[in-house]
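Here the protein sequences come in this chain order: Z and U.
Counting in the numbering used here, the first sequence tops out at residue 155, every number present.
Counting in the numbering used here, the second sequence tops out at residue 313, every number present.
It is worth saying that the hints were derived from the structure and are not from the lab.
Glycine residues also receive a C-beta, built at the ideal position from the N, C-alpha and C atoms.
Watch out, some of these pointers could steer you wrong.
When the alpha-carbon atoms are kept at most 35 Å apart in a straight line, the in silico DSBU-like pairs for lysine-lysine are as follows [unchecked claim]:
1) Z:K120 - U:K187
2) Z:K87 - Z:K73
3) Z:K87 - U:K172
4) U:K172 - U:K187
Stretches of chain Z that chain U covers, calculated by requiring three or more beta carbons in the stretch to come under 8 Å of a beta carbon on chain U [claimed, not checked]:
5) 48–56
6) 61–72
7) 93–104
8) 118–126
9) 132–138
Letter by letter, the chains look like this.
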Amino acid sequence: MPPRADRAPSAVSLIWGIVATQSTAAAPAQPKRMGGTLYRGREGMWSWVLHRITGVAIFFFLLVHVLDTALVKVSPEAYDAVIGAYKTPIMGLGEIALVAAIGFHALNGLRIILIDFWAKGAKYQKPLFWTVIVLWIVLLAGFVPRQLMHIFGGA
Amino acid sequence: MAQQSIGSVLVPAPGTKYERYARRPRRFNLEKWAWIYMRASGVLLAVLIFGHLFVNLVSGEGVKQIDFAFVAGKWADPFWIVWDVLLLWLALIHGANGMRTLVNDYATRPALRRVLLGLIALATVALLVLGTLVLTTFDPCLGATAETAAAIPQCAIK
Ligand code: HEM
């Protein structure tokens, strides 16, 4: 086993990296932009961090979702009882978080694909990132009121 | 000094007069195909997932409409069975390969890495088999009584 310092960054150091970048940005003595740093603390890094976190979250939801759907083979009652849990107010808010995560991952995934295959993609990676954010807000502006209506609205 | 291992060959090091060791080119390059798969499946998943979310969560009464009868209604049409089979396979393999990337990035102890990669593979294969069986053997008449069966055309025939 290699000594600690030789290993790739751990999950802890990923989180620490996020905290450290924020505190660096907040320190008054620092110049506005870190000299020579095009990536750290900027659009490229944040889109990557968010893409990773949302990807993992969606994967774990998918594992559960295949299992709960499989209950249609057990009995209609078993399926309805478990799916009922998705209709409570708390889970209703959870579904907003899920759609927000999937929405960001999907839109930013398409941005990654454009960066890789479109000749000007890399040049425009920053405006593409902000386009992703705008489209994501539009998506949620459409979904969130509708979902709140479904969960909290009367029959 | 560079170490030679079984899979390596000497290649010119660009920009120098020296040679370096590189991995022997394989006929099948897993990482290359994984990279291509992430992008190809990503484009298809964007369509499949937004369609899935729209039909189940946005249209009609949203999440409150979902129950056994709603699912039976959807899967009475082969269109939605094909849609969901594609969604299952593309998303699970895409997600599993993404998780493989994360494990390779963060789990640096070889034994731990092997265990985690094994768990991802196991969960993925198990859920692919389970999900495919559910989608291809679904029975809308399961648990139907004489009266409820009469209301569902497929069940009344029996
Ligand atoms: C909705 C459409 C989706 C699109 C357009 C998309 C696109 C992408 C792309 C382009 C990558 C980068 C691959 C690379 O760097 O080689 C990626 C990574 C990933 N995706 Fe997706 N994806 C989608 C849906 C999903 C779903 C449903 C899951 C979970 C089941 C998922 C989980 C992941 C994970 C865990 C990663 C790895 C993240 C990383 O390496 O940092 N994605 N996705």
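For each hint, the structure was consulted:
no.	hint	in the structure
1	Z:K120 - U:K187	holds (22 Å)
2	Z:K87 - Z:K73	holds (21 Å)
3	Z:K87 - U:K172	violated (68 Å)
4	U:K172 - U:K187	holds (29 Å)
5	48–56	holds (count 3)
6	61–72	holds (count 7)
7	93–104	holds (count 3)
8	118–126	violated (count 0)
9	132–138	violated (count 0)
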